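Model the full assembly from the supplied sequences, consistent with the hints where possible.
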Amino acid sequence: MAIVAQSSKAGRISRATLAWIVGLLFFFPIFWMVLTSFKTDADAVKPEFLFFFTPTLENYLNMTENYDYWRFARNSVITSVFATIFALAVGIPCAYAMAFNPSRATKDVLMWMLSTKMLPAAAVLYPMTFLTKSVGLFDTHFMVIVVLMLINLPIVIWMLFTYFKEIPKEIIEAGQMDGVNTWGEIREILIPLAWGGIASTALLCFIFCWNEAYWTVRLTTTDAATLSKLIEGNRAPEGLFFGRLSAVSAAAVGPIVVLGWFCQKQLVQGLTFGAVK
Amino acid sequence: MGRIVLEKVTKSFGDTQVIPPLDLTIEDGEFAVFVGPSGCGKSTLLRLIAGLEHTTSGKVLIDGEDMTEISPSKRGLSMVFQTYALYPHMTVRKNIAFPMRMAGLSEEEQNKKIEAAAESLNLTDYLDRKPGQLSGGQRQRVAIGRAIVRDPSAFLFDEPLSNLDAALRVGMRLEITEMHERMKTTMIYVTHDQVEAMTMANKIVVLQAGVIEQVGTPLELYHKPCNLFVAGFIGSPKMNFIMGTEAAHMGAATIGIRPEHIDVVEEAGVWQGRVGVAEHLGSDTFFHIHDTGLTETLTVRAPGDVQLKHGDIISLNPRTELIHKFDDKGLRIA
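Chains as they are written, first to last, in the numbering used here: chain Y, 1 to 277; chain A, 278 to 611.
Just so you know, these hints were derived from the structure itself, not from any lab. Only a predicted model underlies this, so the values are computations on that prediction, with no experimental measurement involved. All clues stand as given, with none of them false.
List time: in silico EDC-like cross-link candidates among lysine to aspartate or glutamate, alpha-carbon distance up to 16 Å:
id : chain 1 : residue 1 : chain 2 : residue 2
1  : Y       : 169       : A       : 330
2  : A       : 371       : A       : 385
3  : A       : 515       : A       : 470
4  : A       : 371       : Y       : 188
5  : A       : 515       : A       : 573
6  : A       : 351       : A       : 428
Here are a few chain Y residues that face chain A, going by a calculated C-beta distance under 8 Å:
id : residue
7  : 168
8  : 170
9  : 171
10 : 173
11 : 174
12 : 177
13 : 178
14 : 179
15 : 180
16 : 184
17 : 192
Quick list of simulated restraints, FRET-style, between CB atoms:
id : chain 1 : residue 1 : chain 2 : residue 2 : range
18 : Y       : 135       : A       : 439       : 58 to 64 Å
19 : Y       : 121       : A       : 409       : 43 to 49 Å
20 : Y       : 93        : A       : 385       : 33 to 39 Å
21 : A       : 365       : Y       : 104       : 26 to 32 Å
22 : A       : 409       : Y       : 187       : 19 to 25 Å
23 : A       : 365       : Y       : 26        : 36 to 42 Å
24 : A       : 440       : Y       : 129       : 58 to 64 Å
25 : A       : 365       : Y       : 27        : 37 to 43 Å
26 : Y       : 26        : A       : 412       : 43 to 49 Å
27 : A       : 393       : Y       : 187       : 27 to 33 Å
28 : Y       : 104       : A       : 460       : 39 to 45 Å
29 : Y       : 26        : A       : 409       : 36 to 42 Å
Glycine included, every Cβ here is placed at the ideal spot set by N, Cα and C.
Here it is in structure tokens:
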């Protein structure tokens, strides 16, 4: 009889239990944050109201009425969407060139791109702040978009490069023989074939842009401030207003959690792509 | 028109020169086959003609025009790849239409040509399918269809039948040969299979390590191989090579005789040996003979009705007028 690996029932159950525990562990902070967002600031710090309390929408109403939530949200959408579009606009041709016309330096270029992520952001904080202020771009959408695009470009190019590498080179060459120019190759062959990969790259880039805090907090004040800045702004010096802070945080991560939920399949495929084969 | 001339073409990858200076002319309407063992540079040579690789030096002329620096899309050539290289996201119809759409042909014209190509390649029923739903043979037909509709000045085939099973390969081989008879367009065909080369070509180019060993018609190469490499590469089963005193008797360093030019005889023959393996094909039998004192194994092609088995003593008469002689450098002695 052939030897076939069998998974026992007990093994399956213990694995499922472990998965649930890990899942709940990761989910708990979000649950806690949402729960707290429905408490008053006073209730939020009292242990007796840990799970049982009178829910209130006060924090959310306060946020939209007094803190101009929608302006921050709009800025987050604008900067994340455009930063993602520009990152793809630069990343696709770049990854195309390296995947299908590699030179001896391609590997080094890829490593160099990745190495830029190793630079501590704090190391360039002062130059960046002075530079943006001196050219009058401090606290502008344009500046935030450029910065978000640049910090995500390495990961975008790496991901796209990995996807494009999976496309047989002959198909691109067949396109060349069939009379298309470079732009035609990208439009007619590459993008349709790598659509799934491009979509998950875009999604991931969008999430990174949305969640970015270091630069968006430091290079904006009001006009281009994103939701990260709004959260940061609720960190009151005289003590934390937990209820208010939780409401702001929940409203900031809400859209991205919902988006991620709907695109789960794409995301998982994107993150594990190229792991096998 | 499709006259292709290579002038002192070389190709290096980094410091490795894979094609030393090479001259070659393929006349309009010829069916030229590049043949050689794997890694001999035949595919690279084809890709240089296609423009998919840049020449390191030298010129590629198509119909007298210097195309060395021209992109593949503007050379007016069509190519059929070993892996078919169809566009997986397009239907068969769209695949075939693609080069015409890129060339800006009208929809009407496109459809006319698609119908004609599909008809001649038996693809009419499959036009609305995607490549993933087709068999290997059908995919290769689509690739050929896509090549035909461009009306190229020459077709380039890069081992197009290697991924097909044996029976299909013979069928497609005939189809491509017939297509050439009908269209009279220049075709350049790369293969490592000398049977394909012999059966399809008007002109065979035998390559080894990027160097052209010999150019000629199939029968020229069969009857007058210019060196040991060509002699051993062309013909199946392989030519027998005999060195030593037997060769010296004939004034050569090495003599070669094809398995079909050795006769099995009843009475005592010129050579004798013991039968090792006998391969019965029905029409023919290939005997691998040991202990001849000539070479380790001598291959003989005998009619199918010769009944000898492992261990039997066999008598042989070579047809001396068909023996090939080579000097100590491996070159043919006229």
